[in-house]
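**Q** From first to last, the protein sequence lines stand for chains C and A.
For this note's numbering, count along the first sequence from 1 and bump the result up by 34.
For this note's numbering, count along the second sequence from 1 and bump the result up by 225.
Take the hints with a grain of salt, since some may be wrong.
[Said to hold, decoys possible] Below, simulated PhoX-like cross-link-like pairs (lysine-lysine); rule was C-alpha separation at most 25 Å, straight line:
1. A:Lys438 - C:Lys140
2. C:Lys118 - A:Lys349
3. C:Lys205 - C:Lys74
4. A:Lys602 - A:Lys247
5. A:Lys303 - C:Lys140
[Unchecked claim] Residues from chain C that keep clear of chain A, each with C-beta distances beyond 12 Å, as calculated:
6. Ile62
7. Lys74
8. Arg125
9. Asp127
10. Leu142
11. Asn147
12. Val153
13. Ile154
14. Ala155
15. Gly156
16. Lys157
17. Glu161
18. Leu202
19. Gln218
20. Ile255
21. Thr267
Hints were generated in silico from the structure; no laboratory data involved.
Glycine is no exception: its CB is placed at the ideal position from the N, C-alpha and C atoms.
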Amino acid sequence: MLDLQKENEIAIKVSGIKKNFTVGGREIPILYGIDFEIKKGEFVLLVGPSGCGKSTLLHIIYGLEAPTEGTVYIGGEDEWAFSKNWRANFRNDNIGFIPQQPFWIKSLTVIENIAIPAVIAGKTFHEGIKIAAKLIELVGMSEWSNHRPYDLSGGQQQRIALARSLLLDPKFLIADEPTGNLDQKAGEQLMELLQNISQRFQITILMVTHNTEQYKFGTRIIQMVDGKIISDTLNKHSYQAIKDDLNLSENSNEAKKSK
Amino acid sequence: MKIVQLFQKFSPRLFKKKEEVKHMRMSSVLLIGYRNIAINRTRSLLTIGGVSIGIGVITFLISLGFGVQAMVIRDVTKNNPTDIIDVSNENLENFVVLNNETIGKIKNIPGVKSVEVSADVGGKFINGEAQTDAILYGVTPGYVTLSNMNIEGISAGDFTASAGIVVTPRLAAMLGFEKPQDALGREVEYTAVVTKDIVDPNAENPAEQTSKKVKIVGIISDQSKTDAVYAYTMLETLKTQYNITAGQRGKILIGNIEKIDLVRAQVEQLGLVTESVVDTVNDINSFFSIVRIVLIVFGTIIMSISAMGMMNTLSVSLLQRTKEVGILKALGAKRTDIFKMFIFEAILISFSGGAIGLLGGYGVAKGLNAIVNLVSKRYGISAADFVLVPNIFIIAIVTFIVVLGISTGLFPARRASKIHALEALRYE
């Protein structure tokens with residue numbers, strides 16, 4: 035019963051992920067067996083130096099890059115046991131994605147671009163735009179609805195990308211250095227928005243970042259070096275971590291009392 | 226069973242539950258294609274322009290080709306319906322005349338509805354001091370109907386009941402009449418040179434080659450025969466005057482058009498020569514089919530250039546949209562969705578170009594027709610319609626447009642559908 039409850043709380047389970055790239059006929063290992071679990075509602079920051087394999091790991095979790103060994107369970111489903119089309123559907127249904135550069139369909143307006151995940155899911159543009167209208171309001175960009183996305187600033191584009199990632203009510207968000215191309219202020223604003231959405235809607239977020247200034251926004255920090263996890267800690271500064279700590283201590287007190 | 230288990234162990238993906246794959250709606254695919262064409266206005270206009278010029282030139286040339294062919298055939302068959310065979314005894318090796326015996330044999334051939342005869346009598350027309358040599362055709366009443374003669378001054382029915390003659394305007398002029406109409410009701414002399422072959426061999430009175438008085442009752446008013454010099458009278462009249470009962474030529478009306486070749490073969494076996502407007506029509510058709518082949522070669526060259534332009538546009542479009550394709554795939558679009566996006570964009574371009582070209586080419590041809598008719602009207606030439614776009618051509622062009630769209634879009638669409646999502650997510 036306890037195990038089942040624990041299973042239900044887990045959003046992502048990364049199990050024994052190894053990844054080698056073949057360069058010039060040589061196998062170069064990038065990831066050396068990664069294992070971790072992310073609970074529902076967590077805001078996890080995946081940090082580490084450039085080239086340590088963060089983005090590769092993120093792509094494996096997102097279902098774009100096949101692992102050499104190991105697999106990823108999302109909502110209990112073994113993501114790499116299915117076909118490419120299944121993973122495409124699964125991504126569309128369950129995972130919101132914010133890339134470092136939020137690429138757009140140039141010929142479509144901002145609101146139409148936000149509606150794209152719904153269109154990919156087989157809905158009409160009209161249906162997609164209805165949902166998109168609410169989300170563009172959530173990220174505070176309603177007045178830019180009918181502009182072309184590339185007319186907007188980097189920070190504004192990332193807000194739109196956030197709205198696009200939330201369109202189909204995903205179980206969790208994956209963000210690959212979304213603040214990488216933004217100035218500090220725009221970066222902070224986006225992080226606040228992400229934190230706010232994570233807390234308000236209990237959405238699990240896994241985000242890659244370089245920026246140590248942004249560590250305060252996550253509830254947990256996984257640090258990677260050379261394709262290995264070197265630390266996995268709860269963020270003592272974050273509200274969620276404090277709350278989790280309190281719950282843990284309450285539970286242990288109760289356990290002591292019952293003894 | 227063991228093999229299956231082994232396979233299951235190593236390839237669990239193949240044995241998972243049935244997957245439901247969601248695809249983008251056709252309306253969304255078309256909208257994205259349309260928007261992409263609209264946003265790259267200049268490039269799209271140039272490409273669509275290239276296709277429409279190609280299709281337009283082909284439509285223009287083909288509609289003129291078919292139109293002129295139809296006009297010529299219409300003109301040729303106007304007075305010569307295809308169900309009539311002209312027969313004559315021009316085959317000198319086997320001299321046969323259309324006497325009662327031959328006519329009887331022809332009438333017995335299955336498919337023959339009626340046989341009408343014309344006897345050619347050479348001779349001299351004299352009107353006072355004016356005189357000229359001319360042929361007088363003695364025809365049966367049915368011959369007048371089958372020849373679709375245009376006679377001025379008398380109806381065809383009255384002519385067949387009369388003993389008079391109808392002459393061509395040129396003959397009237399040669400007989401000294403200022404205007405052809407002046408000849409109407411006037412009597413002229415005619416001296417015939419009658420060959421024995423067409424005279425009734427059992428006649429009591431042998432033919433006399435003396436001059437006879439004949440009355441001009443009508444003028445042949447056929448534009449194409451204004452320069453000809455001849456006259457018509459009824460065979461019955463020639464019988465009375467010269468005992469002529471047989472003819473050298475005739476017209477056979479066919480009841481069943483499908484049997485025309487069979488009838489011709491049997492008539493030719495009798496020693497007669499046959500001619501049909503179908504022969505002329507066939508000659509015209511074979512000439513125009515050569516013209517069409519030339520046009521098709523010409524059109525293929527033009528369309529190849531347009532197709533290359535289209536492929537170039539689509540390839541450039543693909544290069545510019547690699548990242549769009551990547552993000553669409555990353556967000557869950559399938560290969561077939563991307564393939565459809567590109568192929569329908571190509572079809573949209575070729576369809577718009579094709580539609581503009583088809584209407585434009587036809588419009589220009591019709592405009593040219595109208596101008597030519599306007600000019601010819603001033604010179605007193607009757608108007609003619611020489612532009613025709615047959616349904617089969619429209620079907621062929623529409624098929625061609627779709628094939629053009631698919632074939633030029635296929636390569637870029639396949640390339641686009643194979644783009645890996647990660648290509649878009651790689652940082653620059």
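**Q** Evaluate the condition: distance from the CB of Arg125 of chain C to the nearest CB of chain A exceeds 12 Å.
**A** Label violated. Min Cβ-Cβ 5 Å, cutoff 12 Å.
**Q** Hey, is Val153 of chain C genuinely clear of chain A, shortest beta carbon separation above 12 Å?
**A** The claim is violated: Val153 of chain C sits with its nearest Cβ about 5 Å from chain A, within 12 Å.
**Q** May I ask you to check that Thr267 of chain C keeps its beta-carbon over 12 Å from the closest beta-carbon of chain A?
**A** Given a closest Cβ separation of 28 Å, the condition holds.
**Q** Take the C-alpha atoms of Lys118 of chain C and Lys349 of chain A, compute the straight-line distance between them, and say whether it is at most 25 Å.
**A** Violated, at roughly 99 Å.
**Q** Can we trust that Leu202 of chain C is non-interface, i.e. its beta-carbon lies farther than 12 Å from all of chain A?
**A** violated, 9 Å
**Q** Run the C-beta distances from Asn147 of chain C to all of chain A and say if the shortest one exceeds 12 Å.
**A** With a cut-off of 12 Å, Asn147 of chain C comes too close to chain A, as the shortest Cβ separation is near 9 Å.
**Q** Gln218 of chain C: least C-beta distance to chain A exceeds 12 Å?
**A** With a cut-off of 12 Å, Gln218 of chain C remains clear of chain A, as the shortest Cβ separation is near 20 Å.
**Q** Per the stated criterion, does the least C-beta distance between Ile154 of chain C and chain A lie above 12 Å, as a non-interface residue requires?
**A** violated, 5 Å
**Q** For Ile255 of chain C, is the shortest CB-to-CB distance to chain A above 12 Å, so the non-interface label stands?
**A** holds, 23 Å
**Q** Regarding the pair Lys303 of chain A and Lys140 of chain C, is the alpha-carbon distance no greater than 25 Å?
**A** At roughly 62 Å apart (the allowed maximum being 25 Å), Lys140 of chain C and Lys303 of chain A break the hint.
**Q** Hey, Lys205 of chain C versus Lys74 of chain C, does the alpha-carbon distance stay inside 25 Å?
**A** holds, 9 Å
**Q** Are all C-beta atoms of chain A more than 12 Å from that of Asp127 of chain C?
**A** Not fine: 8 Å to the nearest Cβ puts Asp127 of chain C too close to chain A.
Hint compliance for this structure: hints 1, 2, 4, 5, 8, 9, 10, 11, 12, 13, 14, 15, 16, 17 and 18 are not met, and every other hint is.
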